[in-house]
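Peer 1: So the protein lines, in turn, are chains A and B.
Position in the first sequence counted from 1, then plus 3, gives you the numbering used here.
Position in the second sequence counted from 1, then plus 56, gives you the numbering used here.
Among these hints, one or two may not hold up.
Stated by the list, open to error - Under the rule of at most 27 Å between Cα atoms (straight-line distance), these lysine-lysine pairs were calculated in the DSSO-like manner:
{"no.": "1", "chain 1": "B", "residue 1": "K188", "chain 2": "A", "residue 2": "K226"}
{"no.": "2", "chain 1": "B", "residue 1": "K127", "chain 2": "B", "residue 2": "K239"}
{"no.": "3", "chain 1": "A", "residue 1": "K156", "chain 2": "B", "residue 2": "K188"}
Said to hold, decoys possible - If you want the footprint, here are the derived chain B segments under chain A, 3+ residues with CB under 8 Å:
{"no.": "4", "region": "117-123"}
{"no.": "5", "region": "168-181"}
{"no.": "6", "region": "246-253"}
{"no.": "7", "region": "257-265"}
Said to hold, decoys possible - Derived CB-CB ranges, DEER-like:
{"no.": "8", "chain 1": "A", "residue 1": "A211", "chain 2": "B", "residue 2": "S159", "range": "32 to 38 Å"}
{"no.": "9", "chain 1": "A", "residue 1": "F204", "chain 2": "B", "residue 2": "Y125", "range": "24 to 30 Å"}
{"no.": "10", "chain 1": "A", "residue 1": "I21", "chain 2": "B", "residue 2": "Y125", "range": "32 to 38 Å"}
{"no.": "11", "chain 1": "A", "residue 1": "S90", "chain 2": "B", "residue 2": "F141", "range": "34 to 40 Å"}
{"no.": "12", "chain 1": "A", "residue 1": "F96", "chain 2": "B", "residue 2": "T74", "range": "41 to 47 Å"}
Since the hints were made in silico from the structure, they are not lab data.
Note that the Cβ used here is the ideal one computed from N, Cα and C, for glycine as well.
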Amino acid sequence: MFMISLIGAAAAPIMVFIGYLDYMAKNPGKPVLFSDVWSDTNLYVTLLIGTLLYGVITAYLFIREYTEDTMKNLLTIPVSRIGLIASKLVLLFFWIMILTFVSWGLILILGLLAQYEGLSVGVILQSLKEFVIGGSLLFLLSTPTMFVAFLFKNYVPTIIFTAVITMGNVAIANRDYKAVFPWSAVHVIAENSYVAAYPPFYSYVAIAAATVIGFVATIVYFKKMDIH
Amino acid sequence: MTAIIKTTGLTKKYGDQTAVDNLNMTVKQGQIYGFLGQNGAGKTTTIRMLLGLIRPTHGSIEIFGEHLYAKQREILRRVGSIVEFSGFYENLTARENLLINASLMGVHSKNAIEEALEIVGLQDEPSKMVGKFSLGMKQRLGIARAILHHPELLILDEPTNGLDPIGIKEIRNLIKALAEERKITILVSSHILSEVEQLADHIGIIHLGKLLEEISFAELRQRNRKFLEFQVTNDNRAAMLLEQHFAITDYEVHDEGIIRVYSHIGQQGKINKMLVDHQIEVTRIALSEDRLEDYFIQMIGGGKIG
Numbered sequence: 004m005f006m007i008s009l010i011g012a013a014a015a016p017i018m019v020f021i022g023y024l025d026y027m028a029k030n031p032g033k034p035v036l037f038s039d040v041w042s043d044t045n046l047y048v049t050l051l052i053g054t055l056l057y058g059v060i061t062a063y064l065f066i067r068e069y070t071e072d073t074m075k076n077l078l079t080i081p082v083s084r085i086g087l088i089a090s091k092l093v094l095l096f097f098w099i100m101i102l103t104f105v106s107w108g109l110i111l112i113l114g115l116l117a118q119y120e121g122l123s124v125g126v127i128l129q130s131l132k133e134f135v136i137g138g139s140l141l142f143l144l145s146t147p148t149m150f151v152a153f154l155f156k157n158y159v160p161t162i163i164f165t166a167v168i169t170m171g172n173v174a175i176a177n178r179d180y181k182a183v184f185p186w187s188a189v190h191v192i193a194e195n196s197y198v199a200a201y202p203p204f205y206s207y208v209a210i211a212a213a214t215v216i217g218f219v220a221t222i223v224y225f226k227k228m229d230i231h
Numbered sequence: 057m058t059a060i061i062k063t064t065g066l067t068k069k070y071g072d073q074t075a076v077d078n079l080n081m082t083v084k085q086g087q088i089y090g091f092l093g094q095n096g097a098g099k100t101t102t103i104r105m106l107l108g109l110i111r112p113t114h115g116s117i118e119i120f121g122e123h124l125y126a127k128q129r130e131i132l133r134r135v136g137s138i139v140e141f142s143g144f145y146e147n148l149t150a151r152e153n154l155l156i157n158a159s160l161m162g163v164h165s166k167n168a169i170e171e172a173l174e175i176v177g178l179q180d181e182p183s184k185m186v187g188k189f190s191l192g193m194k195q196r197l198g199i200a201r202a203i204l205h206h207p208e209l210l211i212l213d214e215p216t217n218g219l220d221p222i223g224i225k226e227i228r229n230l231i232k233a234l235a236e237e238r239k240i241t242i243l244v245s246s247h248i249l250s251e252v253e254q255l256a257d258h259i260g261i262i263h264l265g266k267l268l269e270e271i272s273f274a275e276l277r278q279r280n281r282k283f284l285e286f287q288v289t290n291d292n293r294a295a296m297l298l299e300q301h302f303a304i305t306d307y308e309v310h311d312e313g314i315i316r317v318y319s320h321i322g323q324q325g326k327i328n329k330m331l332v333d334h335q336i337e338v339t340r341i342a343l344s345e346d347r348l349e350d351y352f353i354q355m356i357g358g359g360k361i362g
């Protein structure tokens, strides 16, 4: 599953790279800047592929204990229910961060091969910061997906949930509402692309609310849930 | 003997359905307690409540003299269990699966895993993924996992599920050996009467969520009656003759011409002669006692078994 997720993380950089190859072919002599390419890649990661991919990973981590029928074994060892969730979340965080770095790192490699311009320490650090912020915020927003996973104990509804979120991101990507929809607000914060109608506070509150609601709902539900 | 498991008024309801109804069970130290009931009687629900996987609607559970929900983690550390089919990470080997469990249980002895695998006979499958194991191998690995941390109490829910006769015998011998060698208290549930009969020294019979009786096999054998069993060609006439000539009224007529007589034990020769003199052919005579199956059927008032 980890190897498959690496392929998923490579999708955005490769798509963007191909896009810029086409641009370079049609506009020879015009420079392609690392900062632009990283920014475009982060857009795809935070709004499209990352949301879907990290949602699938979240589903996998939590649902596999049901599909492999190991949940009852873990809880009778005993592992506490909160401990189980916490350990899975820690693993999820590192997994998302690794995939984030893979996406970022691939652009660096591909950009060097394609001779993009404008590479500097400042650009590297700025792009890294944007990617890490995006990845971290998407990690926080995994809690509603986690709740859906526990509720249905099945991959299909969980993946549909993440697909709906992704569609929502696409639908409002060019509207001011992107600042208050938690998953699209990730890109707003990461790229500092705030809108006048909704100051940054709204974006932070939206993400925090979704995170806390998802987390609390999961804890409350899982603690009371009968394990069959 | 100390009670290792004690439930008081244990009840579990799902909406209007009562899966377990006011169950008062006691399992004493050192017993092999056979928890016997048909499929759907409430055995697994009870066991899941004992292991904290399901919250009871009412009632209390004490294990090792402590209330389960007050000290669940400390209690469960001393318990090993199998609940229905054992689940494993199928992309890992047996050793790797047990290593995960050992780490989580705080078992750091290097020999513990090897010892457990050897006890269940899986020491020769070091590199095989659990996904390629047969059902019997998985059940044995489940037992290895349950005994890895040297528990004081084993709770085994249908441990022979899906096994062939050889597998069933292996698991049964293993459980008995564990009880004898490690002095573990064992609660084993089953719907297979013969299994419980050969394994347990105490049984609890559950039916439609209610615990009908708890009894030791020693007491059961004392309580069960001996009988003379005749197989005859004309059971109606034979029954009439028994009443006329011997004043026998304590008898039962079964299928295939079988008559069980619960009195006049020792007089089978005289009874046989009388029947033959009256042109009743007697094809079989036996001295028997009620078996667990008969006792079970009597307790649950007839109906299907298993």
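Peer 1: If a hint holds in the structure, say so; if it does not, say that too.
Peer 2: Going down the list of hints, with the structure as the test:
Between K188 (chain B) and K226 (chain A) the alpha-carbon distance is near 34 Å, which puts this suggested pair outside the 27 Å criterion. For the hint pairing K127 (chain B) with K239 (chain B), the CA-to-CA distance comes to about 23 Å; that is within 27 Å, so the pair holds. Our distance criterion of 27 Å between C-alpha atoms is met by K156 (chain A) and K188 (chain B), whose separation comes to about 25 Å. Proximity of the region 117-123 of chain B to chain A, defined as three or more residues with a beta carbon under 8 Å from a beta carbon of that chain, is not established by the 0 residues found.
Coverage of a stretch by a chain is defined here by at least three residues with a beta carbon nearer than 8 Å to that chain's beta carbons; for the region 168-181 of chain B and chain A the count is 0, and the condition is violated. Under a criterion of three residues with beta carbons nearer than 8 Å to beta carbons of chain A, the stated coverage of the region 246-253 of chain B fails, only 0 such residues being counted. Given a C-beta distance limit of less than 8 Å, the hint that chain A covers the region 257-265 of chain B is violated, as 0 residues qualify and 3 are needed. Roughly 35 Å separates the CB atoms of A211 (chain A) and S159 (chain B), a value that falls within the hinted 32 to 38 Å.
A beta carbon spacing of about 43 Å between F204 (chain A) and Y125 (chain B) contradicts the range 24 to 30 Å that was offered as a hint. One distance hint, 32 to 38 Å for the beta-carbon pair I21 (chain A) and Y125 (chain B), is violated here, with the actual separation near 58 Å. Distance hint for S90 (chain A) and F141 (chain B): a CB-CB separation of about 25 Å, inconsistent with the stated range 34 to 40 Å. The beta-carbon spacing between F96 (chain A) and T74 (chain B), approximately 44 Å, falls within the hinted interval of 41 to 47 Å.
Violated hints, listed in ascending order, are 1, 4, 5, 6, 7, 9, 10 and 11; each of the other numbered hints is respected by the structure.
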